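*Asks:* Take a look at the letters that make up each chain.
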Amino acid sequence: MEALVELRGLAKHYGDGATRVDALRGLDLDIHAGRVVGLLGPSGSGKSTLLNLIGAIVEPSAGWMRLDGEVVYDGGWRRTDLRRLRLEKIGFIFQFHNLIPFLSVSENIEVVLDLAGRGRADARARARELLDYLEVGEHAGRRPSQLSGGQAQRVAIARALANRPRIILADEPTAALDSQRAGIVMDLLRKVAAEQRAAVIVVTHDEKIFDRFDEMHVLRDGSLDGGAAGEAMP
Amino acid sequence: MNLALRDIRHRLGRFVLTCVGLALLLGVVLSMIGIYRGLVDDALLLVRAPAADLWVVEAGTLGPFAESSRIPKDARETVARLEGVAEAGVLTFQTAEADHDGRKARLYVVGYEPGRLGGPAAVAEGRPIARAHYEIVVDRRAGIPLGARLRLGSETFTVVGRTAGQVDSGGNPLAYLTLKDAQELQFELDGAAARNQALRGDAGSVNQVNAVVARLAPGASPDRLAEGIRRWKHLGALTQDGQEALLLTSVVQKARRQIGLFTATLLAVSAVVIALIVYTMTMDKMREIATLKLIGAPDRAIVGLIVQQALALGGIGFTLGAALIALAADHFPRRVIILPADTLALGAVVAVVCVAASLMGVRYALRVDPAQALGG
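Taken in sequence, the protein lines are chains A and B. One rule links them: number in my numbering = place in the first sequence (from 1) + 354. One rule links them: number in my numbering = place in the second sequence (from 1) + 950.
For reference, chain B alone in the conformation it holds in the complex (with noise of 0.2 Å):
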């Protein structure tokens, strides 16, 4: 006979009130690693999206994300012509705020030349960039529709593709622009403080970029191509490998940290709202305890009845948690990526709390004295 179903049963508003509690803890804490694992995602989508072997920057700098990096756009023909390149391509990155219909959208702005290196990956609805100019690429995440005009800077851009998912690493919609616009955009100064500059001396350049990008071609190393780089270019050079853990390391790591702390907080407060919960259960029944150890039940239905009660308790509040959460991660700010690895650890994780949390309860149930039972 299971008796902790049926006392689950006996008091079931109680006990699916203490699970509805437990599940948002739970959906919270795997909310935390979910935004979590958007952050790594994110982070490396940008990095990834080129698709290159090889981030050619600012000779001593580690651009061009975790440093700022800037170099002549014709270091692009340097690097195509080395043995082992099989392409190359340009490109530029810069925050901006684009002003669409009053509305104001914080975009990641990448510039590219069509046709090489560099571009989004896949449109998802609308066209690549076609023209020279005037022309721009966003992300659906930017709820900026397709055949929509936006400003920005002094220039006005019509949206000709959408992208899906892709964001920075502090969740802005990436926007693609042809590497001119975006020179203008990152390196022209407005009228006034252009002729400002030119009195001085200083004609500028905005024929810069923020980096090279590379792919090599078959059997090449990156490795050796970029201490080549470094040695003999008066570059920086770093690998694909080297740039997404420089990116994990210096611009995620501290989120990692800020997350992994909040959510171990979580799961302890879990623990001990699990525990308490589990024990107060436990109290609730002591007379019953005693009266069950004194018709002879042996320790092992005891401790049954206490864990099997934890164990419904966190199940169920888990459960909960995780439908919920799956049912409202694309609602969130940032992207949610629950992976059903981190599932099944959190559950693990939970299933070993709810044991341990409920061994406060049996450790009292077991010494419960069946005389209690006896006498009023």
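Bound conformation, chain A alone (with noise of 0.2 Å):
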């Protein structure tokens, strides 16, 4: 099966010295395409630096890291555009949703294909089919604010996946939602990775979506839980 994120002796610290604090301490992990992963773990466990490492948001202090098949990281960036590597390879999704209020639901959407120099036609189209997709076609043209918490989190979705990302990282995207919504969520979520073959790799504490789990792996103390490949559910 096709590896999309393969970490190898990841690892970030803060500090030197007497104040030094690894966050991670070089951990191997590799997430497939088409599989939904949970991060578990307690807080301060190193679960939302691992995920700013794989966003490419912060730079990790030593190791290997290679993004839907490229090397990205090798000891240092391999890439300058780390923005841009964002905006083609990985999708963000967000506790809150973080919708851009001063746009609309569709322009929430349209904004990530025009960074990535789409049309606007083009964009508009994409953005329309990915909200049919997930069933808030008819909330197009309002405001962020106008949404219930389920359905703006389906929006956020829908741009998260609006560049055809392979990677998608999405931090407690069920914390706000009730158990109904969480499941609805999580199941758009298995359903995004199932047909466009992608990685989903989610972040939370949410006992209530473990059973939506491809894998889920443990974090403590920077180290992953039961050995280098993590626990994997059945």
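None of these hints come from the bench; they were simulated from the model. The structure displayed is predicted, hence computed values, not measured ones.
Per label pair, the in silico range of CB-to-CB distance: (1) B:Met1310 with A:Lys545: 42 to 48 Å; (2) B:Pro1290 with A:Glu489: 57 to 63 Å; (3) B:Met1233 with A:Asp370: 31 to 37 Å; (4) A:Asp541 with B:Val1219: 55 to 61 Å; (5) B:Pro1290 with A:Gln550: 58 to 64 Å; (6) B:Thr1230 with A:Glu489: 34 to 40 Å; (7) B:Pro1290 with A:Gly495: 39 to 45 Å; (8) B:Arg1313 with A:Gly369: 24 to 30 Å; (9) A:Arg474 with B:Ala1205: 53 to 59 Å; (10) B:Arg1237 with A:Gly430: 29 to 35 Å.
Backbone N, C-alpha and C fix where the C-beta goes; we use that ideal spot for every residue, glycine too.
Hints given; two lone chains; assemble the complex.
*Replies:* And the structure:
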């Protein structure tokens, strides 16, 4: 199976000497296409740091990282345009959806396509297609403030999928939702992973969605609990 | 996709209110520049009205505007006979308070000899002075209608003509009298004072003027004639250019510096206000900026969002302010002259100020960590 995220000896520390804090300690991890993976662990275990490293937001201190077949870190960034990398390869889903309040629902998706250089008509058609796919097409002209939490999170998923990324990073995507809506969002993510052959990585504390993961990895003190491969769910 | 425009549309009420506030501020800046232009124009108007090439005044003075000057009226004949002088006239100048229908009007009175150099360049309503006494031409700004009778000193005058836009450097409307009437107004004492002066053996003389103005024949040199008058006629002489320069440096200079300082202060205040507004607008969007960075927006998109909003704020504020002043200019007590060049220059300054003021917001936005978009 094709590994979309490959991490080898990936480490991150902050500070030096007596003030040094090891947030991640030489992590090895492969995440494959079509899988929905949960990253679990107590606060301060390194979940967010790992998400930031895979998202090319924070530079690792050591190790090697390949995303969607491209080595992006090898003791240093192999690309200078990390935002372009994120735009092309990674979709982000946030705890509080983070939709841009001054853009309409449709424009929140179009802006990602616009940044990627897609034409206006093309961007509008793709936004329409995604909103229909996520069953929020009727809200295309509304403002994010006019949506319910579940609807806003669907729009956020649509935005994350806009450029057809192969890697989707979700940070507590169901924390602000009730059980029913959390289940719907996770089912959508499973659908996306299956249909678009994407790797979906979800950082969560939300026990009610554990049964929706293909595999789960527990982080403790910057290391994967239960060995380098983590704890794989059946 | 223009993010700046969409953000403005989203917060339209607040943006419009901010623009209105800025418009008032920039309107005041523009009006200060206009007042200064009006001040200079008014000052020069009085000097330029006789269309003279040479001003002959009391020896050792810089009269008649910067310093007091009194010379005998017959100095006109002396000047008129000089080679190179085409025509000459005599003038008196004084500020006087007129009484019209129980209302006081402050006037700057010019005395001249009808038919000679020095009268009003154009009469907008009515006619020029035609009789030797008791007729007056006043400027419209005095608010005295044609045919009205007004009291000046101990005499009553009839308004036979009205000029347009003729004021002195202090903004007082000009009034034209015959030389004889003006001399009496300026130099003649009332009954008791005249008797006292006569008892002291001082007959006094009312046959004095403040200046002689001369228009030169083609080819004559004003500088050479002025030099000759100073050396041989024991009189002071200034060329038209010299008189204008003197008026600007001695009479208008302080006002220019005062207004210049005030304008610079207002521009600085505008810059601080724009900077604070842009900074606040940027701070309000920190989470959105972090999200945009995280999803891949390049710095130029973030900078564009902030700078375009600052420019829109300045542009709309400036346009509103300029329109407001253009509409209100005629209602100012003093003349306000808005020159297109001044408006354009201020527009350019506002654009520069907007870009500079947005730098603080840009700097802050560029330092925002995209990771801020993650987590609660």
